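Chains as they are written, first to last, in this note's numbering: chain A, 1 to 171; chain B, 1001 to 1171; chain C, 2001 to 2503; chain D, 3001 to 3503.
Because the hints were derived from the structure by calculation, they are not lab data.
Bear in mind the structure is a predicted one, so any value in this text is a computation, not a measurement.
Don't be surprised by glycine CBs; every beta carbon is placed ideally from N, CA and C.
Be aware that a few hints might be false.
[Said to hold, decoys possible] Cβ-to-Cβ under 10 Å is the rule here; a few derived chain C residues that face chain D:
| id | residue |
| --- | --- |
| 1 | Arg2021 |
| 2 | Gly2024 |
| 3 | Ala2052 |
| 4 | Arg2093 |
| 5 | Arg2260 |
| 6 | Lys2263 |
| 7 | Glu2274 |
| 8 | Asp2306 |
| 9 | Gln2310 |
| 10 | Glu2359 |
| 11 | Gly2364 |
| 12 | Ser2369 |
| 13 | Val2389 |
| 14 | Ala2422 |
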Amino acid sequence: MEFNFVVGDREEKLIAEEKEGLWSCTVGDAAFEAEVVRVGPNSFRIVSGGKSFVTYAAEQDGKFYISLGGRQYSVARTSGAAKRRSAVGGALKGEEVVAAPMPGVIVKVPVTEGEVVAADAVLVVVESMKMENNIRAQGEARVKRVHVKAGDSVNFGSALVELEPVSKQSA
Amino acid sequence: MEFNFVVGDREEKLIAEEKEGLWSCTVGDAAFEAEVVRVGPNSFRIVSGGKSFVTYAAEQDGKFYISLGGRQYSVARTSGAAKRRSAVGGALKGEEVVAAPMPGVIVKVPVTEGEVVAADAVLVVVESMKMENNIRAQGEARVKRVHVKAGDSVNFGSALVELEPVSKQSA
Amino acid sequence: MKKILVANRGEIALRVMRACREMGIPTVAVYSTPDSAALHVQFADEAVCIGAPPPLESYLNIEKIIATAKERGADAVHPGYGFLAENPDFARRCEEEGITFIGPGSEAMRLLGNKVESRKTMVAAGVPVIPGMMAGGSDCAALGREATAMGFPVLVKAAGGGGGKGMRIIREEKELEESVSSCMREAKSAFGDATIYLEKYIEQPRHIEFQILADKHGNVVHLFERECSIQRRYQKIVEETPSVALTPELRQEMGSVAVRVAKTAGYTNAGTVEFLLDQNGSFYFLEVNARVQVEHPITEAVVGLDLVKQQIRVASGERLSIKQEDLRQRGHAIECRIYAEDPESGFLPCAGRILFVKEPQGPGVRCDSGIFTGCEVSVHYDPILSKLVVWDETREQACRRMASALRDYIILGIKTTTSFLADVVQHPAFLDGKTHTGFIPMHFADWKMPGPGESELRMALLSAAAFSRNARGGPKARGKVGAETEAPSPWVTGGRWRIAGIG
Amino acid sequence: MKKILVANRGEIALRVMRACREMGIPTVAVYSTPDSAALHVQFADEAVCIGAPPPLESYLNIEKIIATAKERGADAVHPGYGFLAENPDFARRCEEEGITFIGPGSEAMRLLGNKVESRKTMVAAGVPVIPGMMAGGSDCAALGREATAMGFPVLVKAAGGGGGKGMRIIREEKELEESVSSCMREAKSAFGDATIYLEKYIEQPRHIEFQILADKHGNVVHLFERECSIQRRYQKIVEETPSVALTPELRQEMGSVAVRVAKTAGYTNAGTVEFLLDQNGSFYFLEVNARVQVEHPITEAVVGLDLVKQQIRVASGERLSIKQEDLRQRGHAIECRIYAEDPESGFLPCAGRILFVKEPQGPGVRCDSGIFTGCEVSVHYDPILSKLVVWDETREQACRRMASALRDYIILGIKTTTSFLADVVQHPAFLDGKTHTGFIPMHFADWKMPGPGESELRMALLSAAAFSRNARGGPKARGKVGAETEAPSPWVTGGRWRIAGIG
């Protein structure tokens, strides 16, 4: 069996054979064996390399939530052809759609279309769970489009504003 | 839908129609409505007749285990044609197979085949969970067959001894 | 009391209802439409839907709640914390309708809710507040005398506006003239008003509060302190008692001031008197929290009282059966607040479905929780999920117990603060007791959850693979509960998408 | 200590491992083959399978456990209760191998394990034991003097055998002659020996025990009493502290006798001195339990100490840091033992799979558990599943809290004692404190779980129907975990089948 996952920014492939709870696995170049016992609906005991692990797992929409040693990891199932996401940071080079990081209600949109905003400028204020959250530009940019107005409800991932590099017009 | 259950010694039939979580039900002659929300993998909130109930449910081998208001009930699914079990008690009239009430190890079998035993006589001693348990005759009877000997392991429901009415031979 | 309506949701509603059930008093839950399967609705004897998700239409809807109480025959209301807990109008409406409000009277609440008024009242009663004075001119000699009187360092800030404009810390008298001039210039230019305000600057203060309990017969006791210095966004996330910063003498002094505050305000029921404690052991009254507080369980653990039951007894007119001299602190207790927040992104709240919960157990561990496997964390309310409270013989042992309990607290499906909190209570400065309100910004500004090591990565992948192979038993298969549809992926649209963090 | 091997299973193994983890000491679990997924195996840092299910081959296998400790580098062993906990050979083997045995020394254990020897030693030390005397003849005047000396009623029984043969209660001196003659006659005929034994008869005694803690430097304290009168089959099922039967004076007296017992035996570590208390307030030493006891959590709740951590500290040679005069009882604690037993059928043990568990939560509630959803309760071991412990300000409140917590304790799939225990702690005689060792036979001999009322029946049927419709999420669908095959139904074979109860 082949499992393709994304963990953080990395793609990881697990190749595994299972026989009566004994898994022969490869991750990257490393091969290992593991005995996996499902101890409850959402928990496993795994013995591998002489060590014992207890893990908890759940899944929603192709995303697996794993808890292990008091830390939570999320692991997304991919087709194996998913693109590597580039790390966020630096000045804005290409176009960017800024999406809502959480469901909520738009409190304020201090920017207008066409406006040039500095890095760290507040683009949108979203209220969620009793708190106002400032959504900021990560680099200097021009506001290409504004998708929301005060009072709108947004879901996770809803497009809020679109940014484009300043150089595009000012150059 | 029709659900046939056995609760304790009684057979009960539930006739129900469900539409978007609203159940219209009949048990015996009584009709009632109930709103059922599954609040977790094993729990329900039910509102019926202006009252609110929280129930927990699990199932194994056609038997449902229900907890409600701090009490546990078990409810067995039947084909609807299951026979009513007669209450146990009184002198032994027909033949009887005495079965293990729990898994365990046979410690002692103080009776032999052909022997006539009094009501309350110890037939078999089973050790389970560190305790010895005396399995007794419920009425005067003749031991027809003994299926186990000291040291045997038995499962729940394993036949231990068969009894027959004394009258059969002594009459 | 015959029946108590609990005008709240989440863990505090459960906390109150448990106390009621244990006292043999039936409870009525109120809930908004998305809360129909919530834990407080499940636990209550009766439950009434009172409106739409926005708080103003349900949990803050005074008339609807009063009407529900009357309709269901509830002769008392417990407001919990937040929502209507410190709303004097609500307390007064209850009083008018003959419903016992389990909390202070509306008059005391109104006084304490007015910060200017309550500061004046407390100063008059000899309660220490943060020293400060307003100055229109630039008489540096006079300002210097004031500053010396309140003690350096002092803070000079523009009286006319906020945002830190013109603000300066003055550590010695010789810096005074220059700082005051600069501040006045900036104030004038920013707000058109050169008036400045001089206030004692408290460096790295500790937030110390005293729990008080007052009956309707004039008896007031304090139940010692809680230290709540560990805050993010000016909100407490870790609380403990006793505080390492208090000597027995200081504890006694602050305790008697707390009692004096309560008596001065005519306060009844449970309440909390908040202070700032500076590094020299001077303390300053901040305000009174006129309610049962989130962090009340640590006091319960150390003092051996049930505060909610005490609230109910006091509200029904009973005299306090405890005397100050009988009260003792025993051992050490810590609370960690478990929020649906992402500590890696400025504590951004995270709504969503909780796919699996396993709460920690064991000696000295208490988990006051409002969540369960399959529940939905709503965007409409405060992101508190639960409170993990530990007690142990010593502070050191309590820290270790908390770390162990947090490790055993499994919440899958949304981001929470468990892992972050485990790092906080194991941080050398925390273990040393070097806590102050700037602790999180100082030590945890850029906290990231450590990524998986090699073997953790393997085990995580293997678990995901094993879970997906056996997914029949997974939460996806829970029928209605798991029937949520996938949100449209932002990455399938053109351009570069970013799920924004907050700044 | 560098690493501790826990030579036990179930809730007590978890209890010990939690303490170890909180003290920063890694743990090694040992387990038998069917326990490979057990909770103690999941919790430990390392786990080693040591043999087949019968205890002699695994949990009682001294040499295997010693070898495992050495192989894994464990320098200490905690035996929990039961299994090897009071086996002096095991303690001695540990001593020989340089492994710290977390419990008393083997010599003290051996002395206390010998009932005749320890009785003699304690009598010599002035510890009160149940008075008794052996008599070969029938000198009724002499017997009468003895009986008067020990106080009526007395019990006369045959010295040569058991089973109650010839036994009689003698309530007044005038009954003595006739009873003694009858007893001797019956004894002669039953055992061929007319020797009789006269013992003080204690009517409806309470079982009172004192927790003690002793270091290796001669310091001994007692942590007050526990009352464990509520028993079925001579095994405790409900314990509480304080006992309503003890005055402060009696408590102090019994406590100092308990300390004397420990000192006389050269006892170290945690232990329990058991007494019977009669209705006149006279008490009699029974025996010492040379281990941490099942019911230790109620003492922890009321005294504010962690007994397992104390055990570990004392075993590693630390001095006791607590003094008798600093110890106080605060509030009231009750423990209920949750067994896999059917209280309707003489407490018949019930093995099987637990399909669902939800443990109670809330203030003052502690649940020390060895079970989880999907676990298998094995036929090979003691049927204890968990212990539910509550603390509250008063006994009355603690009883109510226990009833409420038991109601919230959901275990589906096997029969347990939860419902029965809820009825016990709410029984008027229990609430009145009228507890004694005959309580369960007197009040609960024919206890049956109340059948469902009309609306409960409806809700139970509806829940079963709703669950079966959505069974994808049910425990049947858990893959490997639910893969057990159905036991052959006994009713399909010919004849009448009976699943036997026990007599």
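Self-check item: Interface restraint verdict for lysine 2263(C) against chain D (beta-carbon cut-off 10 Å)
Solution: Status violated, d = 25 Å.
Q. Can glycine 2364(C) be said to touch chain D, with a Cβ gap under 10 Å?
A. holds (7 Å)
Notebook entry, point to check: Does glutamine 2310(C) pass the interface hint, meaning its C-beta sits closer than 10 Å to a C-beta of chain D?
Noted result: OK, holds: glutamine 2310(C) within 10 Å of chain D, min 9 Å.
Quiz item: Minimum Cβ distance from arginine 2093(C) to chain D below 10 Å?
Solution: Result: violated, 30 Å to nearest chain D Cβ.
* Asked: For the hint on arginine 2260(C), does the least C-beta distance to chain D fall short of 10 Å?
  -> violated (27 Å)
- Task: Return the status of the interface hint for glutamate 2359(C): holds when the least beta-carbon distance to chain D is below 10 Å, violated otherwise.
- Result: With Cβ-Cβ at 7 Å, under 10 Å, it holds.
- Does serine 2369(C) pass the interface check with chain D, least Cβ-Cβ distance below 10 Å? Cβ of serine 2369(C) sits 6 Å from chain D, so the hint holds.
Worksheet entry | Restraint outcome when alanine 2422(C) is required to lie within 10 Å of chain D by C-beta distance | violated (13 Å)
task = With chain D as the partner, please determine if aspartate 2306(C) meets the hint condition of a C-beta pair closer than 10 Å.
result = holds (6 Å)
inquiry  = Take the shortest C-beta to C-beta distance between arginine 2021(C) and chain D; is it under 10 Å?
reply    = Holds, because the Cβ-Cβ distance from arginine 2021(C) to chain D comes to roughly 5 Å (cut-off 10 Å).
Problem - Interface hint for glycine 2024(C), Cβ within 10 Å of any Cβ on chain D - result: With Cβ-Cβ at 7 Å, under 10 Å, it holds.
Query - Hint check: 10 Å Cβ-Cβ cutoff, alanine 2052(C) to chain D - result: Violated, because the Cβ-Cβ distance from alanine 2052(C) to chain D comes to roughly 28 Å (cut-off 10 Å).
Hint compliance for this structure: hints 3, 4, 5, 6, 7 and 14 are broken, all remaining hints hold.
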